[in-house]
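Dock chains U and P against the given chain A, drawing on the hints supplied.
Take a look at the letters that make up each chain.
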Amino acid sequence: MIRYIQESRLEELFRILSRRGPLYLPLAEGPSLSFRPWSEGAPVDLKTVNSTVSAKEIFLPREEAYFCYRRAGRELALEPLEQEAANAVAFGLRACDLRGLEMLDRVFKDQDPPDGLYLRRREQTAIVALACAEPAPYCFCSLFGIDPARAGGADLQAWWHGEGLCLKALTAAGEELLSSAGELLHEGPAGAEEPPRVETGNFGLKLEGLPAGLRERFDDPVWEELYRSCLGCGACTYICPTCYCFDLEDFGHQEKGERYRCWDSCMFREFTLMAGGHNPRPTRKERVRNRFLHKLQYYPERYGEIACTGCGRCLRSCPVDLNIVQVIRALGGESR
Amino acid sequence: MAQDNLNRDQATARIRAAVTQDLLSGRISLLLGWQKGLFWWRSRPLFARSQQDLERLVWDSFCAVNLSRYLPEELSIEERVGILVKGCDARAFHRLLQDRMLDRERVLLYGLPCPGMLDYRLLAEAGVKEAEQMLEEGEELVIQTGGGEERRPRTDFLLEKCRLCSHPDPVVYDQLLLPPGEPRMDPASRFQDLEARERPTPAERYAYWSGELQRCLSCYACRQVCPACSCRECFAEQQEPRWLGKGAGLNENMLFHIIRVYHGAGRCIECGECQRACPVGIPLLELSRRLAKDIEELYGPYEAGMDPEAPPPLLTYRPEDPAAFPEK
Amino acid sequence: MTAVNPLLPQKVTLQEIVAETPEIKTLRLASEKGIPFDFIPGQCAMISLPPVGEALFSITSSPGCREYLEFSIKKVGAVTRALHELEPGQQLGLRGPYGNGFPLEALRGKDLLFIGGGIGLAPLRSLINYCLERRGDFGGIDILYGARTPEDLIRREEIMERWPAAPDTRVYLTVDAPYPGWEGHVAFVPAYLSELAFSPENRIAITCGPPAMIKFVLKALEELNFAPEQVITTLEMRMKCGVGKCGRCNIGSLYVCRDGPVFTLAQLRQLPPEY
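Protein chains in written order, with this note's numbering: chain A, 3 to 338; chain U, -17 to 310; chain P, 325 to 599.
Heads up, some of the hints might be wrong.
[As the list claims (entries may be wrong)] If you anchor each label on the Cβ, the simulated ranges turn out as follows:
{"id": "1", "chain 1": "A", "residue 1": "Val224", "chain 2": "P", "residue 2": "Arg390", "range": "51 to 61 Å"}
{"id": "2", "chain 1": "A", "residue 1": "Met3", "chain 2": "U", "residue 2": "Ser192", "range": "37 to 47 Å"}
{"id": "3", "chain 1": "A", "residue 1": "Arg11", "chain 2": "U", "residue 2": "Arg214", "range": "32 to 42 Å"}
{"id": "4", "chain 1": "A", "residue 1": "Gly279", "chain 2": "U", "residue 2": "Glu87", "range": "27 to 37 Å"}
{"id": "5", "chain 1": "A", "residue 1": "Glu104", "chain 2": "U", "residue 2": "Pro169", "range": "52 to 62 Å"}
{"id": "6", "chain 1": "U", "residue 1": "Lys18", "chain 2": "P", "residue 2": "Ala590", "range": "39 to 49 Å"}
Hint data in this document are derived by calculation from the structure and do not stem from the laboratory. C-beta atoms are modelled at their ideal positions from N, C-alpha and C, and glycine is treated no differently.
One chain only, chain A, in its complex shape (with noise of 0.2 Å):
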């Protein structure tokens, strides 16, 4: 069953889905757009194609504190701290995000031991895809398979007709969100059973020959080209919906404090340093070759796929355009 809600008539739904625990929405926050909780009269922006921030600090928050300690002579206490408020709504992912999260399940899901932090977000966070009504000039999803008008694995997939919005929910909890929302949703309008398919662009790149052409090329020359332009920020690395590597930090006096995790870049020289000042990727080109190589071949090795949705997020935001297009053309992955 599809409904559908005017446009002008959104504040109230929010009103509604926030009243069950926090409501993620796009965010306008001066010129960039992030997934934030939202509260009465925030600058929700559901058009533009995408959020500068992925959908994934939803789930892997930038700063996550999990216990507290406290101290005293010897003693040590350790409290796992109470996570916060359950039943979340995240509202507007669109399907790089979806696909983002499919790839961070399979290492914070599916891989032992399941990560409670992030379980318990996934698990507990209906989620209200949107469809793109046209791509992006950055976008190309569709290289890998993704329709940006359906995104796998959501509750709800919305999608922009007229003047409103069209609701269709895909599993129970959708439902159920569906009806929590009442007198507010109309049926949904004739001739609209389905959103629009969208297509993106593809930059000319084909993707055969990834990840096994790779395994020979670890020496490559053309990785010392590649790496001389990069900045060595993490600017790519923050944005990017498949990007998950973090620190743990202790945050706090002698007597007490918090440990928490917060997301770390493997573009840092810290990442791998190792006390005693041995660091097995030196200088920016094992990095900037490392990232890449794990994007391309070793997260496929691992767990089948190349970690990359197409969301153009880092076609934008790196200062010096150094991004995964220019990196596959120039391994040669580009159809003449």
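What follows is chains U and P alone, placed relative to chain A:
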């Protein structure tokens, strides 16, 4: 005089000819310039070592990336490096020189007076999606959209950092490859826009900056792109003592940016690369410029990166400097 | 069913801390029930001391020891320096076991050649004592162990008394340079290895030590005709989560904390040379 489309190709050809000569003769072993990026509205760094590499060289309205910051590392590999420098890049060179990050003799500077680089976002807002929709004619852009043709001043579409630029012509060069241009901003009055939007109380300033900085990702793009940030180990990376936590909470973000901008006070060349590089669009250029304005108010008119012999104000003591604490 | 957070440490108490060398101390940690978890030789655990942090160490006691876990820790950074200052009775965090451990089945019935340098003896010791606890399951045991100076040799009671006295077990000690009062062998470990010229026949070599030593030991073993499948080593990396999720300890597509830290030379040769 800004360059238009036709002149742009001629300009590129002239630049390429000048640098090819020096590269092939071995006068330089590497040329730092720009090449086309993935999109027509971006250009990216070019590391050219051969004539074939130089065929990719471009000089257009999207060559915003500051190349000077690559110099110290390239100079550890190459004997002599050539570099194309716009106004801001030349000041960045002076910054690095003054910070003893490189040898003047080992760098060949090709000066390019800069008409200012265009901001694709502003073009897109005006309806420009394809390169063909935009024609550069001198000081104007001719824009074709569904609604017809429109003539707009080029300055309407500049990157903010270029709009505020008071030294588009390189202050240092070995060869000037193009005719000098007109400054867009008088250095003496370059902070007028900041005066117009003063936030007089500490509470207002805090509210504004915490609003902007809470979205910081701690990606350090601003630091990595900055010519004034050349410390081998940044305070943010130090573990013993650990000054900063790694998480990107508001406290850590504020601490990082405040310390960084203070480390740059009196040294920042106001190139705005920090702001351009920021993936979430934090107005970092404003933050640096506010400090630059404070420096001027405290120590008199000063522009970093113009004169490599002039020590930065915070590294100079004069008896008449304002006292740090109110005198009783 | 929501899973538990695998990053949460349990509480243990420091029972004893013994200085072995100026830079190395051995710590004994136990929970109320003795050893906090079962493990096999070669596995590691994360020791936590907030607010300094957490670090991964190989367990040096053998699983046969049920009262406590032992860790031999070299002072190299903030966490290890803090651990060195502790006194018995101190409570700490611990989680584990992590890593693949040594391939015990593959070692059964074989002659075993242990080659250790400095702190590298720590993971080997767990396996050596495991084998000595089941002496009949393994062939002859030869232990070649060296350090920079005699002051840097660890587990002196075992290397000088207990192990040489064990059945069909020989210990060869060496130091890098002549040292007053030292009457034992003087040579770098790889050189001594070549000199002793062990036969690869039915033998597995297991080595751990500083990267430079490992490099030359592997070369020496190759010259002695040990096949890559007959050589085992255990690697070190910067590690944080211990469960193959935080992404930093990878060598190619393998994670040292999970698929290692024990690798055969044959496996290492398949991996990018990034360790």
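Check: Hint by hint, which ones does this structure get wrong, listed from lowest number up?
Finding: Hint check: 3 fails alone, others pass.
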